[in-house]
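Chemist: Count along the sequence shown starting at 1, add 63, and that's the number in my numbering.
In short, the hints are calculated from the structure, not lab data. One thing to keep in mind: the hints can contain errors.
Cross-link-like lysine-lysine pairs, in silico, DSSO-like; alpha carbons within 30 Å at most [said to hold, decoys possible]:
| # | residue 1 | residue 2 |
| --- | --- | --- |
| 1 | K131 | K240 |
| 2 | K403 | K301 |
| 3 | K344 | K365 |
| 4 | K211 | K382 |
| 5 | K196 | K113 |
| 6 | K345 | K365 |
| 7 | K301 | K345 |
| 8 | K337 | K393 |
| 9 | K113 | K403 |
| 10 | K318 | K344 |
| 11 | K304 | K345 |
| 12 | K206 | K408 |
| 13 | K337 | K403 |
| 14 | K206 | K250 |
| 15 | K301 | K250 |
Here are the simulated distance ranges between beta carbons [what the hints assert, rightly or not]:
| # | residue 1 | residue 2 | range |
| --- | --- | --- | --- |
| 16 | K211 | E316 | 37 to 45 Å |
| 17 | R265 | R335 | 15 to 23 Å |
| 18 | E378 | S101 | 51 to 59 Å |
| 19 | N134 | N212 | 53 to 61 Å |
| 20 | E405 | E147 | 29 to 37 Å |
| 21 | M267 | R335 | 40 to 48 Å |
| 22 | A342 | W255 | 37 to 45 Å |
| 23 | E290 | S263 | 29 to 37 Å |
These numbers were taken from a predicted model, which means no experiment stands behind them. Yeah, the Cβ is synthetic: ideal placement off N, Cα and C, and Gly gets one too.
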Amino acid sequence: MKKLSIVFILLLLLFSLSVSARNFELGVGSAILVSAESGQVLYRSNAEQKYPPASLAKIMTLLVIMEKIENREISLEDYVTISENAESTGGSQIYLSSGSRVKLKNLLKAISISSANDASVAVAEYVAGSEDKFVEMMNRQAKNLGLKNTHFANSSGLPAEYEEQYTTAADVVLMAKELIKYPLVLKWTSTWVDYLDLPSHRAMLVNTNELVKRGYINGLKTGYLQEAGYSLAANASKESKRLISVVMDAPSEEKREVATLNLIDYGFNNFRSKVVVEAGKKVHNIEIGNGAQNYFTAQAEKDLRRFIIYGEPLEEEIKIKSGLKAPIEKGEVIGKKIIKQEDFKVGEVNLIASHEVEKAGIFTLLWRRWVNFVGENIVERFNDNIEEQLES
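Please construct the entire structure, taking both the sequences and the accompanying hints into account.
Modeler: Put into structure tokens, the structure is as follows:
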């Protein structure tokens, strides 16, 4: 009996966790948690609040460069000549010497692991000719990704002297989602300690994110500025689930780590990945007034896999395009199916016509109007008779 009571209490605790999970507080200014595959938002709090990006700006720096490498415009094996400007960059650095030549791969490793500002400036100058030109690339990429509340002023995230720079947790998570598509970056950002043999000395690279020692967290980038607090964008993988979290404006390193762990554990413990709509799933009896048939069938265009909360039912909503008329081609998008849970939108998938629908001929349309007219009159007379009988 005692064992049964303990089990009951544990189940009750788990249930209360799942119900109130979306309302928990992290103790940071801003936070967001998403599915790495779909971008589905699992948690958000003040995610549109603007802050200086600090070293989170390096996510975009790495993204721009990795795309250049992918397009074969530059190579990891290229040598970068270090400028006096790069050498003199303050903050976190690996103490590059002006005039020395360092492989691009090693500079990117230094940015990814130890957030080296001098390496960030060096690669920016190499790729674009100057850091200012590189920043233009960063802002152009931000626009391409649909980042509505982000603007960069340099490649490192250091305070800008003349130009404002800012971002949000919601925008950072979109940058991070793109960056983790590069396995090499994830390999670097999940490394705790490494070394670089530079022309002038051997540099020790220590990861600024201590959470990588936990194994299932693979980076991604830390940041700190006095006016922005402590921030951390993290990527975590466990049991075929991959999540990205961002916390900003934490009061300390410890608080940003605790908040990140709470956020990631919340995602792993309260959600499961499931195909909520199967490709080909039929939606029947869709009305179309001018079709050769009055009703036709649509189907889901593809599988829709999403994270859903354990134990909570799903709701479906069908939305058909307004003014839908025949002819309709097989495979034509005619609407969408929306999946919700606890009043939150889980996701949506296009509905496509299962078969071709031809336009009805003039005689078919006239016949339908006649049938409708006759039917309406019969119903009206029937109702009148009923009313007369009731009155009598």
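Chemist: Each hint: holds or not?
Modeler: Going through the hints against the structure:
no.: 1; hint: K131 - K240; in the structure: 17 Å, holds
no.: 2; hint: K403 - K301; in the structure: 25 Å, holds
no.: 3; hint: K344 - K365; in the structure: 9 Å, holds
no.: 4; hint: K211 - K382; in the structure: 28 Å, holds
no.: 5; hint: K196 - K113; in the structure: 24 Å, holds
no.: 6; hint: K345 - K365; in the structure: 12 Å, holds
no.: 7; hint: K301 - K345; in the structure: 33 Å, violated
no.: 8; hint: K337 - K393; in the structure: 28 Å, holds
no.: 9; hint: K113 - K403; in the structure: 29 Å, holds
no.: 10; hint: K318 - K344; in the structure: 46 Å, violated
no.: 11; hint: K304 - K345; in the structure: 29 Å, holds
no.: 12; hint: K206 - K408; in the structure: 25 Å, holds
no.: 13; hint: K337 - K403; in the structure: 13 Å, holds
no.: 14; hint: K206 - K250; in the structure: 27 Å, holds
no.: 15; hint: K301 - K250; in the structure: 16 Å, holds
no.: 16; hint: K211 - E316: 37 to 45 Å; in the structure: 29 Å, violated
no.: 17; hint: R265 - R335: 15 to 23 Å; in the structure: 47 Å, violated
no.: 18; hint: E378 - S101: 51 to 59 Å; in the structure: 19 Å, violated
no.: 19; hint: N134 - N212: 53 to 61 Å; in the structure: 27 Å, violated
no.: 20; hint: E405 - E147: 29 to 37 Å; in the structure: 57 Å, violated
no.: 21; hint: M267 - R335: 40 to 48 Å; in the structure: 41 Å, holds
no.: 22; hint: A342 - W255: 37 to 45 Å; in the structure: 42 Å, holds
no.: 23; hint: E290 - S263: 29 to 37 Å; in the structure: 34 Å, holds
The structure does not agree with the numbered hints 7, 10, 16, 17, 18, 19 and 20 stated previously, though it agrees with the rest.
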